[in-house]
Amino acid sequence: MKNQLEKAVLEVLADLGVTDAKIAIEHPEDLNFGDYSTNASLVASKKLGLNPRQTAEKIVEKLNAKNILQVEKIEIAGPGFINFYLQADFFEIEVKNIPKLGKKYGSNDSRKGEKILIEYTDPNPFKQFHIGHLMSNSVGETMSRFIAFAGAEVKRACYSGDVGLHVAKAIWGYQKLDQNYLAEKKDKVPVYDREVAMLSHDNEGAFWGLAYTFGSSEYDKEGAEKAEIDQLNKVIFEGKDEEIMKLHKAGKAVSMKHFEEIFKKLGTKFDRYYFESEVVKDGLTIVTENSKGIFEKSDNATIFRGENYGLHTRVFVNSVGVPTYETKELGLNTLKFKENPNINQSIIITAHEQSDYFKVVLKALSLIEPEVAEKTKHISHGMLRFAGGKMSSRRGDVITGESMISDVEEIATEKIKERVMTEEEKKKLAEIVAVGAIRYSILKQEAGKDIIFDFEKSLSFEGDSGPYLQYTCVRAKSIVEKAKQAGVIGGFWNMFKTAKKAETEISRVEKIIYRFPEVVVRCQTEYSSHFMATYLIELSSEFNSYYANHKIVDKTEVTSPYRVAIAQATAQVLENGLNLMGIEVPEKM
RNA sequence: GCUCUCAUGGUGAAAUGGAUAUCACAACGGUCUUCGGAACCGUCAUUGUAGGUUCGAGUCCUACUGAGAGCACCA
Numbered sequence: 001m002k003n004q005l006e007k008a009v010l011e012v013l014a015d016l017g018v019t020d021a022k023i024a025i026e027h028p029e030d031l032n033f034g035d036y037s038t039n040a041s042l043v044a045s046k047k048l049g050l051n052p053r054q055t056a057e058k059i060v061e062k063l064n065a066k067n068i069l070q071v072e073k074i075e076i077a078g079p080g081f082i083n084f085y086l087q088a089d090f091f092e093i094e095v096k097n098i099p100k101l102g103k104k105y106g107s108n109d110s111r112k113g114e115k116i117l118i119e120y121t122d123p124n125p126f127k128q129f130h131i132g133h134l135m136s137n138s139v140g141e142t143m144s145r146f147i148a149f150a151g152a153e154v155k156r157a158c159y160s161g162d163v164g165l166h167v168a169k170a171i172w173g174y175q176k177l178d179q180n181y182l183a184e185k186k187d188k189v190p191v192y193d194r195e196v197a198m199l200s201h202d203n204e205g206a207f208w209g210l211a212y213t214f215g216s217s218e219y220d221k222e223g224a225e226k227a228e229i230d231q232l233n234k235v236i237f238e239g240k241d242e243e244i245m246k247l248h249k250a251g252k253a254v255s256m257k258h259f260e261e262i263f264k265k266l267g268t269k270f271d272r273y274y275f276e277s278e279v280v281k282d283g284l285t286i287v288t289e290n291s292k293g294i295f296e297k298s299d300n301a302t303i304f305r306g307e308n309y310g311l312h313t314r315v316f317v318n319s320v321g322v323p324t325y326e327t328k329e330l331g332l333n334t335l336k337f338k339e340n341p342n343i344n345q346s347i348i349i350t351a352h353e354q355s356d357y358f359k360v361v362l363k364a365l366s367l368i369e370p371e372v373a374e375k376t377k378h379i380s381h382g383m384l385r386f387a388g389g390k391m392s393s394r395r396g397d398v399i400t401g402e403s404m405i406s407d408v409e410e411i412a413t414e415k416i417k418e419r420v421m422t423e424e425e426k427k428k429l430a431e432i433v434a435v436g437a438i439r440y441s442i443l444k445q446e447a448g449k450d451i452i453f454d455f456e457k458s459l460s461f462e463g464d465s466g467p468y469l470q471y472t473c474v475r476a477k478s479i480v481e482k483a484k485q486a487g488v489i490g491g492f493w494n495m496f497k498t499a500k501k502a503e504t505e506i507s508r509v510e511k512i513i514y515r516f517p518e519v520v521v522r523c524q525t526e527y528s529s530h531f532m533a534t535y536l537i538e539l540s541s542e543f544n545s546y547y548a549n550h551k552i553v554d555k556t557e558v559t560s561p562y563r564v565a566i567a568q569a570t571a572q573v574l575e576n577g578l579n580l581m582g583i584e585v586p587e588k589m
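Per this note's numbering: the first sequence = residues 1 to 589.
Derived by calculation from the structure, the hints in this document are not laboratory data. Please note that the accuracy of each hint is not assured.
To be verified - Straight-line C-alpha distance at most 20 Å; calculated EDC-like pairs for lysine to aspartate or glutamate:
| hint | residue 1 | residue 2 |
| --- | --- | --- |
| 1 | 292 | 243 |
| 2 | 363 | 296 |
| 3 | 96 | 481 |
| 4 | 511 | 538 |
Please take these sequences and the hints and turn them into a complete structure.
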């Protein structure tokens with residue numbers, strides 16, 4: 001429809017002698033201004049030397065002569081906008097088309113045949129899975145789904161740092177913390193840590209997290225402990241000390257198992273886990289052997305001088321010969337293409353604090369492997385910040401992803417306490433609602449902007465929230481189910497026969513529901529899902545109003561079948577949209 | 001100090017250079033026990049400041065103010 005209108009308007013403009021105008025066909029903000037509108041006369045009036053309204057009159061006259069299919073009327077409004085009102089026919093066809101296409105409704109093939117590798121979440125073993133990872137996962141998962149919805153083949157990757165200073169801190173902490181714990185050398189361990197340790201000793205994952213915190217705080221004291229940890233870092237990098245490597249393996253396994261549980265809950269399935277330990281050697285080879293003249297020595301370290309390219313300088317190999325994150329990044333990104341020679345694009349998603357870092361690394365990469373760098377794209381999202389300013393929770397220093405999920409699950413569980421369903425169903429429902437609430441609160445705003453997080457307010461279950469969307473969808477489905485049982489529509493195909501639009505009024509639901517595919521395109525091209533969030537809220541709100549004002553299931557009314565069709569279409573669009581955002585719709589809620 | 005982001009009701013967000021700046025939360029007032037109340041209806045801001053570009057600026061440009069991030073051996 002949009003293309004059809006655009007074509008007609010451009011033809012008319014050409015008739016009037018305006019050929020190079022950049023016009024826009026858009027949906028007016030207010031539904032009262034019609035279904036589509038164009039600023040053509042505003043753009044063209046200057047060239048014609050007429051005022052916009054006169055120009056608009058000329059254009060409309062010619063447009064009317066064209067008798068565009070499914071256009072009811074064309075009006076001029078405001079400073080000279082031309083508004084198109086569509087026929088009821090158009091909406092009826094769209095509404096009935098939606099259940100027919102089902103899960104595919106809204107998809108397109110703009111990236112058909114492409115292979116995309118997308119890396120996100122990236123939690124580090126030996127460290128906690130914190131809410132920043134939750135954010136990266138939400139953004140990455142939704143982006144993966146949008147790209148897949150464009151017909152591309154998507155591979156999901158997760159990159160984890162299993163070597164490096166943080167691992168040394170954790171292993172050192174594990175050894176010391178454990179010994180102290182057994183020997184009761186209480187003075188070595190801060191009291192608050194020891195208490196947590198006792199509570200969580202049966203939980204290996206938490207114990208490792210604690211070990212990291214302990215090691216890290218000792219490292220910062222810059223004493224003998226720091227030297228020990230630095231030494232340990234080198235030992236781990238060399239990988240020859242059997243006892244250390246055994247600990248390393250155990251700790252990594254505990255972490256990865258733990259992450260896997262969280263991913264399952266979140267609905268993410270990675271195709272490939274990359275580890276720093278498997279890319280570090282390749283990276284080092286690249287830096288020290290395969291890139292003459294790109295890096296230089298400074299204070300015994302190997303650096304890339306970013307200043308030459310308007311960036312900043314970064315260290316790739318430190319002064320004791322251990323490669324840094326930068327070097328591993330080079331190894332990782334070349335490995336990605338070695339494994340998948342046919343990928344069209346490799347996307348990396350991280351928080352924007354790493355944006356400048358990536359500019360430097362990708363610049364270096366472009367000098368070494370231009371074709372790899374060419375296809376590698378870094379996309380950043382904002383950071384989670386707290387209303388109080390501090391990133392503190394009741395319990396400790398960082399808010400972990402799992403504690404956040406379980407806190408929200410608690411609220412959801414409280415809410416469904418009275419429902420008639422099994423304990424298992426309740427648990428599953430609380431999980432779906434909790435993940436939906438969290439995901440939505442992250443994705444509702446433009447990717448790239450920081451989120452000021454207020455636990456009480458950000459995780460609302462009402463209004464502009466994930467559960468509101470889930471609820472509306474479940475409600476719409478339930479109405480359709482009821483209609484089937486009442487015999488209003490006898491099965492799927494019958495709906496297409498019986499669901500004739502029997503009323504002249506075109507509801508607001510109909511006027512926005514057909515825009516879903518356009519919203520999908522916008523999210524795909526601008527790499528942000530907040531357009532979808534805004535759209536789904538608008539649709540839900542309109543549907544709930546419609547529901548409040550119209551009796552939908554009524555066997556005696558001729559209007560009923562079509563109203564049911566509207567409910568069915570709404571449910572389908574909500575489900576597809578939520579799915580793109582990584583939010584599941586429960587059976588009942 | 002340098003570089004990069006950002007600034008919209010009490011709060012959190014939306015708005016391709018277009019029409020009367022949209023939505024939610026909170027607050028206050030109402031519907032109501034229905035087809036599923038996690039619902040519906042109503043009241044509540046001239047977009048940080050000052051200039052500029054444009055027929056038209058929350059949106060583009062300049063300066064200022066304020067906030068955040070990054071800037072050599074962490075990831």
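Here's how the hints hold up against the structure:
{"no.": "1", "hint": "292 to 243", "in the structure": "violated (38 Å)"}
{"no.": "2", "hint": "363 to 296", "in the structure": "holds (15 Å)"}
{"no.": "3", "hint": "96 to 481", "in the structure": "holds (17 Å)"}
{"no.": "4", "hint": "511 to 538", "in the structure": "holds (11 Å)"}
Hint violations for this structure: number 1 only, all remaining hints satisfied.
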